[in-house]
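2 protein chains.
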Amino acid sequence: MVTFAKMPELRLNLLTREWVIIQTERAKKPEEFRQRREKRYVPEVVESCPFCPGNENKTPPEIMRLPADGKWRVRVTPNKFAALLAEGERVRINEGLKHLVSGIGKHEVIIESAKHNVGLAQLGVEEIMDVLNVYKLRFTEVFKDPRVEHAIIFKNHGLASGTTIQHPHSQLIGTPVTPLQVRNRMDEAMRYFDNTGDCLVCAILRDEIKDGKRIILDTKHFVTFIPYAALSAFHTWIFPKRHAASFAFITDEEIEDLAYNLKMTLSKLYFGLDDPDFNYVVRSNGPFRFRSEYLHWYISIVPRLIQTAGFELGSGMYMNASIPEEVAAFMRGVKVS
Amino acid sequence: MVTFAKMPELRLNLLTREWVIIQTERAKKPEEFRQRREKRYVPEVVESCPFCPGNENKTPPEIMRLPADGKWRVRVTPNKFAALLAEGERVRINEGLKHLVSGIGKHEVIIESAKHNVGLAQLGVEEIMDVLNVYKLRFTEVFKDPRVEHAIIFKNHGLASGTTIQHPHSQLIGTPVTPLQVRNRMDEAMRYFDNTGDCLVCAILRDEIKDGKRIILDTKHFVTFIPYAALSAFHTWIFPKRHAASFAFITDEEIEDLAYNLKMTLSKLYFGLDDPDFNYVVRSNGPFRFRSEYLHWYISIVPRLIQTAGFELGSGMYMNASIPEEVAAFMRGVKVS
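Taken in sequence, the protein lines are chains A and B.
Throughout the first sequence, residue numbering follows the working numbering, covering 18 to 354 in sequence.
Throughout the second sequence, residue numbering follows the working numbering, covering 18 to 354 in sequence.
Treat the hints with care, since some could be wrong.
No copy labels: a pair is met if it fits in one copy or bridges any two.
As the list claims (entries may be wrong) - Result set (EDC-like, lysine to aspartate or glutamate): computed pairs, CA atoms no more than 20 Å apart in a straight line: (1) K97 <-> E73; (2) K97 <-> E343; (3) K46 <-> D274; (4) K88 <-> D292; (5) K115 <-> D228; (6) K237 <-> E49.
Just so you know, these hints were derived from the structure itself, not from any lab.
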């Protein structure tokens, strides 16, 4: 691979067309991103936590739980502070330059465990399979509502990720519009397909496996790696090997493998960086187009180790003070135990 | 204006095509965004600060100062920790799916005052005019370098804005590529012009003045207002009334008016929210196309009052827990003294 040894590099993220400045010459070593956490005791059940067992009446009426009877392991409820309301019509109003759509949609909380004091990394593979199965069920379900145009599943872990609730949970938001970012990505995938007849995600995956330098983990159905143009330190992608437009099409066997892969990846972050704050997102199209040749879902993990500033705001470009190849090597070496 | 009284609203930012969720039903009152600052004494000169007078040798060799001789009021130096290097060739390497451009460009620091313990809001109008004149000079100058494709001027104020240096300063970064975000905005402006023969920024400005509800300040040459689809609480735009593609074309009279407008706007933020952290960006094209009918520069101010989370990361959409019309009314009412 060609690099500029003593110079920053601008690398192109082909999925988004965004350039990232890799600050090669003054990059930190991966271990320098390690957090310094004050260890303090957190109990398994917290009386004031709305997601802890015994407080089920503090959430809006439950949507589902696993198992259906008895003590639950995973529980889904509407978000009490919903960004979009479940009831109401999708109304559009155009008034000159003002375009308005009523804020209807879905906003659900997926409580990943009955235990307050664990992260997803600390759950067993079977417990994570439960969570992923619930993701799939709910993701498929929200698209049955014709008012929902797009949906994302995401997780906020830790204060810097934008959450104040420690109890492990994810969220699902179904929006009445397709966000610009999603449209741009679809457009890029389509352009690549126009030129090559190939799926861009499949092509990147083949290229990464061949190159090998940025791979963290290669399991039966998924490959975890640091993107060539990682937008920030420890930015990580998990790509499914099988071409599929939507997360809704994940198979049971893939769920089992993903649960293991995700546990390993998040555990490496946990042990390697001492429980960093992070977000992850399932970037997926809805289950509309079973046979799309160019759409391909994946997971993106973004540890929140730095604060973005005016440059990112004003340009949409990111600065990454780490070298993707070094971060991947570090992550490969982290012992998970 | 049509609104949904008890429902969130999705509003479209026409400059970017991004939808924002205005959380109408559970919006905070503008005054609830007030910070609680611990007041502590900060001296006018700090020995360890690289931007304070007496420490001029701690920065790379000076690019310019105002005035040219004697005690300086404004000083420009290369950024010691430059994101892009000033020396070197713009080289592009394509290797399969990997696209690389050498990280050359410009990264300058504009020290806005010799005083360590002031914000831009506390400077006099004439002092801010100095800063803006230096912006114009440097912005024009960096584009003389044929390796520079695009440039942004921005300011980080306070820890949450991504800076650790308190001494008032701005930055100028000239990049060897045009960022995607900028290209998207140009494309939107062009499409609007295709359909109407009009500049989108001019059209929005006329509309906002007519509507009036979101206006904060209307001075001779600039209008300050809360965008209809403000991406977060207190997000503010300052639009020049005269159509001009580039900040490089600002006149002396406009600089004087902008200095006053900016001082008033930032002072209202300072007194209204107790010195919130913020970024601002001069969104401008380079001085390439003097006669563009559809490009129009402006300033965007984004107070950093909340932490973005997985939803913003995964969708590019923002949630705004304030109502733009209420924020504008609040800002109009803030006494500056």
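Indicate which option fits the pair K97, E73 if close means a Cα-Cα distance not exceeding 20 Å: within, between, both or neither. within (12 Å within a copy, 54 Å between copies)
When Cα atoms must be at most 20 Å apart, do K46 and D274 count as within-copy, between-copy, both, or neither? neither (31 Å within a copy, 47 Å between copies)
At most 20 Å between alpha carbons: which applies to K88 and D292, within, between, both or neither? neither (28 Å within a copy, 49 Å between copies)
Within, between, both or neither, where K115 and D228 count as close if Cα-Cα is 20 Å or less: Answer is between; shortest inter-copy Cα gap is 11 Å, intra-copy 49 Å.
Should K97 paired with E343 be assigned to within, between, both, or neither, using CA atoms and 20 Å as the limit? neither (42 Å within a copy, 24 Å between copies)
Alpha-carbon proximity between K237 and E49, which holds within one copy, between copies, both or neither at 20 Å: Neither way: K237 and E49 sit 32 Å apart in one copy and 51 Å across, limit 20 Å.
Hint compliance for this structure: hints 2, 3, 4 and 6 are broken, all remaining hints hold.
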